[in-house]
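Mind docking chain V on chain H? Use the hints.
Protein chains: 2
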Amino acid sequence: MAEIPYKIYLEENEMPQAWYNLRADMKNKPAPLLNPGTLKPMTFEDLTPVFCDDLVRQELDDTTPFFEIPDEIRSFYKMYRPSPLVHASFLEKALDTPAKIYYKFEGNNTSGSHKLNSAIAQAYYAKKQGLKGVTTETGAGQWGTALSMACSYFDLDCKVYMVKVSYEQKPFRREVMRTYGASVTPSPSENTQVGRKILEAHPGTTGSLGCAISEAVEVATSTPGYRYVLGSVLNQVLLHQSVIGLETKAALDKYGIHPDIIIGCAGGGSNLGGLIAPFMGQKLRGEDNYRFIAVEPASCPSLTRGRFAYDFCDTGMVCPLAKMYTLGSNFIPSANHAGGLRYHGMSSVLSQLYADGLMEAVSVEQTSVFEAAELFARVEGTLPAPESSHAIRTAIDEALKCKETGEEKTIVFGLTGTGYFDMTAYERFNDGKMTDTIPSDEELEASFATLPQVNL
Amino acid sequence: MAEIPYKIYLEENEMPQAWYNLRADMKNKPAPLLNPGTLKPMTFEDLTPVFCDDLVRQELDDTTPFFEIPDEIRSFYKMYRPSPLVHASFLEKALDTPAKIYYKFEGNNTSGSHKLNSAIAQAYYAKKQGLKGVTTETGAGQWGTALSMACSYFDLDCKVYMVKVSYEQKPFRREVMRTYGASVTPSPSENTQVGRKILEAHPGTTGSLGCAISEAVEVATSTPGYRYVLGSVLNQVLLHQSVIGLETKAALDKYGIHPDIIIGCAGGGSNLGGLIAPFMGQKLRGEDNYRFIAVEPASCPSLTRGRFAYDFCDTGMVCPLAKMYTLGSNFIPSANHAGGLRYHGMSSVLSQLYADGLMEAVSVEQTSVFEAAELFARVEGTLPAPESSHAIRTAIDEALKCKETGEEKTIVFGLTGTGYFDMTAYERFNDGKMTDTIPSDEELEASFATLPQVNL
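From first to last, the protein sequence lines are chains H and V. Counted from 1, the first sequence has number 403 at position 403 by the numbering used here; the numbering is strictly sequential. If you count the second sequence from 1, you need to add 1000 to reach the numbering used here.
Chain H extracted, bound-state conformation:
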């Protein structure tokens, strides 16, 4: 076996040829999406007015283990993939731990995160279907940026509804999207019925992700040649993101490294679901065993404190119902600088795995997350995204446990992105002004009370 370099890069011809569909190996399949009107499972016909046909097929298919990655997408992947699996030797040294730490770094592309892996796939299928364009919403902007890049590549129109407060406070991400040719509209807007209604009721509102989703869906379903796309939570997104885990496994196998613990931050679940997919597949098939840890913010603890129940995917309650760990679709997490981890629910796939005891979850507070981020930036050289730093926090905690016990465990975590557009958060931390907020039991109970009737 060759000596392990600091950064393990696969060769281009070692990149995955197919995405892996973890659902095919799950005995307890994730519960189907339900039509909010009929409470019956959503069908192909129900979903295709909103999503592209091929993506609906992927969404509904829980038996096919592999989906070939089309050549056009593999060609695009080569622009920024394979991503490196980095041996965090500087971090190990700083922690003085016997543990071995590796991280899969998905931030070395202009979107700054793993979101591009699914954005390019969704844009490809939209183009293949002959569509003119797609619509989406974005909060902090990672997903919108990734989708803009993907649409630019396939010459598709891209309409992004950006939560107004972010549109105004985060002009840099907005300009990246515009540079890639996307139209970026602050939400709520006058473009849609739902937007006008909200503006009439709340003239000074700065918007919400739920409202932006509703606007994007309305535009997609009312404009010929358009569909709506989403960057997380959905089965299809986890399928595309399996490229992260497949590359990670190939790189580890190449050097004979066996991970004991695999860690990822979890918002909607796209990164974690992708990272763990092939390893969880082995565990499900009884071929190997690993510990998996989902890390979520203490301010938005869907796995660790949520209910496993059918809930609305959006605050507007117009999307299908999904069975997932949820805090209730009306739950508003307190101010938190990890915008990508503020979703009230969790991917149905991950929710089922957690319910079945196949995966652990922890929640961490943001000041301790930024302490980990700062240490990581200083010793490993890369300034991490606040979201990714949740995984860093837990990887460090596990490595410090190894220091106490003397165990030489191998820890792999997902470094989903860089924090270059999150310096306002770092500024608060640098100034000692960052605070932690954890929802009270009463708040959560009140939010659970809004879960839909189908759970009764």
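All the pointers check out, no bait thrown in.
DSS-like, lysine-lysine: derived pairs with alpha carbons at most 27 Å apart:
hint, chain 1, residue 1, chain 2, residue 2
1, V, Lys-1078, H, Lys-100
2, H, Lys-403, V, Lys-1078
3, V, Lys-1078, H, Lys-409
4, V, Lys-1403, H, Lys-78
If you want the footprint, here are the derived chain H segments under chain V, 3+ residues with CB under 8 Å:
hint, region
5, 147-154
6, 176-188
7, 376-388
By construction, these hints were calculated from the structure, which means they are not laboratory data. For glycine and all other residues, C-beta sits at the position ideal for the given N, C-alpha and C.
Just chain V now, with coordinates in the frame of chain H:
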């Protein structure tokens, strides 16, 4: 020969073991720095109060062809090097050119540019000398960021004097530096004599690079255990940056690719000097031939419209005199979004090569630069820094000439960095509000009139 991948990554063991000192192969050596008081060449003793001893040795040595890269620096380089040499096949396709285009991408690190290559070297020698810390100035912030990262790695104090207008308008880069533990002071400040003097004379001033240099030098020379460091122009910096060219040449050689034209943007010259070093060495030794093109902004055209003369390196006229192509140390370029290309002079090494007809130079206007940047971002996926985009502009122009003539030339250019902290510039471009400004002949003549007497 193996098939050429989209991204050529050298193996870690193929990384350079030594920096290459191009001056050793130059028949006409760059003219020495002169002591502004005596007008005699600066000696080791003159320079060591300002710079570290080992760096002064490198600065003054124009005969030793190779300097071994210390293990500690090579270890740090592994964090973000080898950097990829990318085959810009998407750009070739978009241009429909028979030319082959490659770029060496130096932006995949948190400093966002090639500056880290010299920052880590300078921090290493400061640590080796037992210093407590270093001082520097920064304008746009790339160099300050790189130095902060390097100092954090070697546990050195880092005092950055940041031009006040940038400190206030570019808080994100400032926060990256603070996250790496640097102290960032808006210049002019009350910390120094020169700062207080300027504040007294011009109470509302937003500062200048020249003033920030003067403050940083004053603090370094008046504080025990400190030295001053600089990110461009100097011979030592070009020496360290030769790692760019050495890796580029190794990657090209590995796949049997022979470049016809090598292109880089030129501000102080650190990136271009590093990129071309080993190729220019071959040309000087008569072993091979290449075209080299330096690209500068039309608003700050030191090579294409400057004088080859001794001049002050700083506007405060306290630093040594360097013989270089210069617009005069009082020249203030008009507003331009490539902050790294606003220096009035050019490295003495590059100036001598240009004077000897070994290198060409062109100047380009910023709207055409941003048009190239936008095209590049859309087809190659990476949003480039405004500075780097000057090289992209000229690479595209050369590729389009090949399209006319049908020639299959191979073009290599340096992509020095990413534009993630330059979105204000992109916003102006996206809004159609970007303008071009070119200094008049009269302006330049007035500026040349301030050149020091030594030239008479």
